[in-house]
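A.B. asks: Sequence:
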Amino acid sequence: MTFLFHPEAEVEFTEAIDYYKECEQGLGYDFSIEVFTSIRNIISYPTAWPVIEENVRRCLVNRFPYGIIYSIEHEVFILAVMHLRRYPDYWKERIA
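Residues in the sequence shown are numbered consecutively from -9, following our numbering.
Keep in mind that a hint or two might mislead.
Derived SDA-like pairs (lysine to any residue); straight-line CA-CA distance at most 25 angstroms [stated by the list, open to error]:
| # | residue 1 | residue 2 |
| --- | --- | --- |
| 1 | K11 | A38 |
| 2 | K82 | V46 |
| 3 | K82 | I42 |
| 4 | K82 | P40 |
| 5 | K11 | S22 |
| 6 | K11 | E65 |
| 7 | K82 | E65 |
| 8 | K82 | V51 |
| 9 | K11 | R76 |
| 10 | K82 | H64 |
| 11 | K11 | L50 |
| 12 | K11 | R75 |
| 13 | K82 | L(-6) |
| 14 | K11 | E0 |
| 15 | K82 | E43 |
| 16 | K82 | F26 |
| 17 | K82 | T4 |
| 18 | K82 | A38 |
| 19 | K82 | V1 |
| 20 | K11 | E24 |
| 21 | K11 | E43 |
| 22 | K82 | K11 |
| 23 | K11 | E(-2) |
| 24 | K82 | E(-2) |
Treat the hints as calculated values from the structure; they're not laboratory data.
Using the sequences plus the hints, can you model the full thing?
C.D. replies: Below, the structure written as structure tokens:
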């Protein structure tokens, strides 16, 4: 199985990396590794994480307060790389 980012989710991911780069050297890299590890786990076990909306699931990222919001279609479609302490439902408009 493969994965694809919603364009806005990809922007969120990039902005979060940039934020963590500014906080501490190497932290942006660490964040990206944790997100990609979560994505790899999702691809391996797509139904392992809880459903939070119709056909939408959330996988928490280790070490960082983020969740990967995704749906399972022909591939894993990442709707959001969501900070867990901000506006919880903003990504719902991205559901096709």
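A.B. asks: Compare the structure with each hint and give your call.
C.D. replies: Results of checking the hints against the structure:
1. K11 to A38: violated, 31 angstroms
2. K82 to V46: holds, 10 angstroms
3. K82 to I42: holds, 11 angstroms
4. K82 to P40: holds, 16 angstroms
5. K11 to S22: Since the Cα atoms of K11 and S22 sit roughly 10 angstroms apart, the hinted pair holds (cutoff 25 angstroms).
6. K11 to E65: At roughly 30 angstroms apart (the allowed maximum being 25 angstroms), E65 and K11 break the hint.
7. K82 to E65: With a Cα-Cα distance of about 19 angstroms, the restraint between K82 and E65 holds, given a limit of 25 angstroms.
8. K82 to V51: holds, 20 angstroms
9. K11 to R76: holds, 20 angstroms
10. K82 to H64: Between K82 and H64 the Cα gap is close to 20 angstroms, so the pair holds against 25 angstroms.
11. K11 to L50: holds, 21 angstroms
12. K11 to R75: holds, 20 angstroms
13. K82 to L(-6): Roughly 17 angstroms between the alpha carbons, so the hint for K82 and L(-6) holds.
14. K11 to E0: holds, 17 angstroms
15. K82 to E43: The hint holds at about 9 angstroms.
16. K82 to F26: Distance ~22 angstroms between K82 and F26 Cα, so the pair holds.
17. K82 to T4: holds, 20 angstroms
18. K82 to A38: At roughly 21 angstroms apart (the allowed maximum being 25 angstroms), A38 and K82 satisfy the hint.
19. K82 to V1: holds, 16 angstroms
20. K11 to E24: holds, 14 angstroms
21. K11 to E43: violated, 32 angstroms
22. K82 to K11: violated, 28 angstroms
23. K11 to E(-2): The given pair, whose Cα atoms are some 20 angstroms apart, holds under the 25 angstroms limit.
24. K82 to E(-2): holds, 12 angstroms
The structure fails hints 1, 6, 21 and 22 (numbered hints given earlier, in ascending order).
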